[in-house]
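S.K.: Sequence:
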Amino acid sequence: MDLVELDYSYSRIIHDYYVRNWKDETGSSKVTIAKRAVLAYHQETEIQKNVDPVFKVPDDESHYDSAAKQWAHQIDKFFSPYETVKLPYSFGDYLVLALDEEYRKNCLIDLDRKRRTIVSPTLPEDGDMMNSVQITIKETSEAIQHLVKLAPNGLGDDSDQDLMRGRQELLEAIEAMRNGLAQLDHELSKRNIDIVD
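Counting from 1, position 113 in the sequence shown corresponds to residue 172 in the working numbering; the numbering is continuous, with no gaps.
Calculated directly from the structure, the hints in this document are not laboratory data.
Being a predicted model, the structure only gives us computed values, none of them experimental.
Ideal Cβ positions, reconstructed from N, Cα and C, are used throughout, including at glycine.
Possibly wrong hints are sitting among the right ones.
Taking CB as the label site, the calculated pair distances span [said to hold, decoys possible]:
{"id": "1", "residue 1": "Gly215", "residue 2": "Val192", "range": "34 to 40 Å"}
{"id": "2", "residue 1": "Arg175", "residue 2": "Leu247", "range": "24 to 30 Å"}
{"id": "3", "residue 1": "Gly86", "residue 2": "Glu142", "range": "20 to 26 Å"}
{"id": "4", "residue 1": "Val207", "residue 2": "Pro117", "range": "28 to 34 Å"}
{"id": "5", "residue 1": "Arg237", "residue 2": "Pro117", "range": "43 to 49 Å"}
{"id": "6", "residue 1": "Ile196", "residue 2": "Arg175", "range": "18 to 24 Å"}
{"id": "7", "residue 1": "Asp216", "residue 2": "Ile252", "range": "46 to 52 Å"}
16 Å max Cα-Cα, derived EDC-like pairs, lysine to aspartate or glutamate [unchecked claim]:
{"id": "8", "residue 1": "Lys94", "residue 2": "Asp118"}
{"id": "9", "residue 1": "Lys164", "residue 2": "Asp152"}
{"id": "10", "residue 1": "Lys173", "residue 2": "Glu231"}
{"id": "11", "residue 1": "Lys82", "residue 2": "Asp159"}
{"id": "12", "residue 1": "Lys208", "residue 2": "Asp219"}
{"id": "13", "residue 1": "Lys208", "residue 2": "Asp221"}
{"id": "14", "residue 1": "Lys89", "residue 2": "Asp135"}
{"id": "15", "residue 1": "Lys89", "residue 2": "Asp159"}
{"id": "16", "residue 1": "Lys164", "residue 2": "Asp124"}
{"id": "17", "residue 1": "Lys89", "residue 2": "Glu160"}
{"id": "18", "residue 1": "Lys164", "residue 2": "Asp75"}
{"id": "19", "residue 1": "Lys94", "residue 2": "Glu120"}
{"id": "20", "residue 1": "Lys136", "residue 2": "Asp75"}
{"id": "21", "residue 1": "Lys94", "residue 2": "Asp152"}
{"id": "22", "residue 1": "Lys82", "residue 2": "Asp135"}
The whole structure should be built from the sequences, with the hints applied where relevant.
M.R.: Next comes the structure, spelled out in structure tokens:
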């Protein structure tokens, strides 16, 4: 079943992979995925730890497992069409990264495909070079910022989530540069100038 072809939203794509993962007999349980996601979320947003209205983290780590059951329940409520619960901003990213590798990779691929259907690439002849430059600056800055966090001790001590996020940031920067390159190539071809790579 192609979720992008079925026009699933971002949250429905995430939900589908989340459910597939915990329903898989060899996959992580719903509670385990919720626990990984919430703890990773709070690790990167430390200031939220004690004030987050949806995912409260106990001071005592021995209570994490019981809290994770409540977190899983909150995630279920978010995906229910009958509830009005809102997940914290950007939490969906952490939920995707908490999936088992097989499901995480496929979910990221589908989310990227979905993004491309929404932000369809501009044809070179229709592109605005100044806009392209601004997007490239933004995307490369975000990629560099994330890589600087990964770099100090090499990549061996960084989490899977951090590495996947770094990879995604780089892909977005490369895509932005490709759009600018396509505009330059289009202008050169209009002038009948041969391009040698």
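S.K.: Compare the structure with each hint and give your call.
M.R.: Do the hints match the structure? See the list:
1. Gly215 x Val192: 34 to 40 Å: holds (36 Å)
2. Arg175 x Leu247: 24 to 30 Å: For arginine 175 and leucine 247 the Cβ distance comes to about 26 Å; the hint holds.
3. Gly86 x Glu142: 20 to 26 Å: Taking Cβ atoms as reference, glycine 86 and glutamate 142 lie about 24 Å apart, which means the hint holds.
4. Val207 x Pro117: 28 to 34 Å: About 32 Å separates the Cβ atoms of valine 207 and proline 117, which means 28 to 34 Å holds.
5. Arg237 x Pro117: 43 to 49 Å: holds (46 Å)
6. Ile196 x Arg175: 18 to 24 Å: holds (21 Å)
7. Asp216 x Ile252: 46 to 52 Å: Distance hint for aspartate 216, isoleucine 252 holds at roughly 48 Å.
8. Lys94 x Asp118: holds (15 Å)
9. Lys164 x Asp152: holds (13 Å)
10. Lys173 x Glu231: holds (14 Å)
11. Lys82 x Asp159: With Cα atoms ~12 Å apart, lysine 82 and aspartate 159 stay inside 16 Å; holds.
12. Lys208 x Asp219: The hint holds at about 14 Å.
13. Lys208 x Asp221: holds (9 Å)
14. Lys89 x Asp135: Satisfied, since the Cα-Cα distance of roughly 10 Å is no more than 16 Å.
15. Lys89 x Asp159: Satisfied, since the Cα-Cα distance of roughly 11 Å is no more than 16 Å.
16. Lys164 x Asp124: violated (26 Å)
17. Lys89 x Glu160: holds (15 Å)
18. Lys164 x Asp75: Since the Cα atoms of lysine 164 and aspartate 75 sit roughly 13 Å apart, the hinted pair holds (cutoff 16 Å).
19. Lys94 x Glu120: holds (12 Å)
20. Lys136 x Asp75: holds (14 Å)
21. Lys94 x Asp152: holds (14 Å)
22. Lys82 x Asp135: Measuring from Cα to Cα gives roughly 14 Å; hence the hint holds.
Of the numbered hints given earlier, the model fails hint 16 alone.
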